[in-house]
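J.: These protein sequence lines are chains B and R, in that order. The first sequence begins at -19 in the numbering used here and counts up one residue at a time. The second sequence begins at 61 in the numbering used here and counts up one residue at a time.
Each hint should be verified, as a subset may be incorrect.
[To be verified] Taking lysine-lysine pairs in the DSSO-like style, the calculated list, with each CA pair at most 27 Å apart, reads: (1) Lys62(R) x Lys37(B); (2) Lys(-7)(B) x Lys102(R); (3) Lys62(R) x Lys162(R); (4) Lys37(B) x Lys(-7)(B); (5) Lys102(R) x Lys162(R); (6) Lys116(R) x Lys162(R); (7) Lys37(B) x Lys162(R); (8) Lys102(R) x Lys37(B); (9) Lys116(R) x Lys102(R); (10) Lys127(R) x Lys116(R); (11) Lys62(R) x Lys127(R); (12) Lys127(R) x Lys162(R).
What the hints contain is simulated information worked out from the structure, not anything from laboratory work. On a predicted model such as this, the values are computed, not experimentally measured, just so you know.
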Amino acid sequence: KAGVTQTPRYLIKTRGQQVTLSCSPISGHRSVSWYQQTPGQGLQFLFEYFSETQRNKGNFPGRFSGRQFSNSRSEMNVSTLELGDSALYLCASSSRTGGFDGYTFGSGTRLTVV
Amino acid sequence: QKEVEQNSGPLSVPEGAIASLNCTYSDRGSQSFFWYRQYSGKSPELIMSIYSNGDKEDGRFTAQLNKASQYVSLLIRDSQPSDSATYLCATRGEGTALIFGKGTTLSVSS
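Generate coordinates for the entire structure from the input sequences, incorporating the hints supplied.
T.: What follows is the structure, given as structure tokens:
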């Protein structure tokens, strides 16, 4: 069974640019959540999508957005990049049926803003 | 605002010893707790979840929950060098959002 697939693995962008990250969840999982991980703040929740709808959003500025497609694949977008956006962005997949028992994380996209 | 606190470590134990990792949480109403392991340069992987007071065992791992003391722990028996990693404690926030502690680094020496 394929795991959670995130692309690309690494990205280098310039301040002010925008970036789009992609995530394909485990087959059959309809919930996709996104997290940002930095050394200073640790793992922080960005948002969750389920059945193409944003169900929950963390405390991040509006420059961070996402969407989910009918096949459950999800993208997140960060506009007007800032140096502080440099982080590991993790996508997490869960079934959400029969109760929630934790996520499976993808390998992440490491974003460096210069 | 729910918070999860962990000692950043490093916690150093010799091979074969029991490693004890601890976590406290701020919201007395928290019900679900998760332990993740993260190797350097890798993504977190779920070790186990715990919902009820008491112990839950899975192989060499035992999670312990004490809701009265707002305390969660993870015991690793017969620690191996391959257990060297950062261990993240998390509780469930709104929906399926997880609130993570900043993690404890464990180092197991052979």
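J.: Now, for every hint given, state plainly whether the structure supports it.
T.: Hints versus structure:
1. Lys62(R) x Lys37(B): Judged against 27 Å, a Cα distance of about 15 Å means the pair holds.
2. Lys(-7)(B) x Lys102(R): Answer holds: Lys(-7)(B) to Lys102(R) is near 22 Å, not above 27 Å.
3. Lys62(R) x Lys162(R): holds (14 Å)
4. Lys37(B) x Lys(-7)(B): Distance ~25 Å between Lys37(B) and Lys(-7)(B) Cα, so the pair holds.
5. Lys102(R) x Lys162(R): holds (15 Å)
6. Lys116(R) x Lys162(R): Given pair Lys116(R), Lys162(R) holds - Cα atoms ~23 Å apart, limit 27 Å.
7. Lys37(B) x Lys162(R): holds (20 Å)
8. Lys102(R) x Lys37(B): holds (25 Å)
9. Lys116(R) x Lys102(R): holds (26 Å)
10. Lys127(R) x Lys116(R): Satisfied, since the Cα-Cα distance of roughly 14 Å is no more than 27 Å.
11. Lys62(R) x Lys127(R): holds (15 Å)
12. Lys127(R) x Lys162(R): holds (20 Å)
When the structure is compared with the earlier hints, no violation turns up for any of them.
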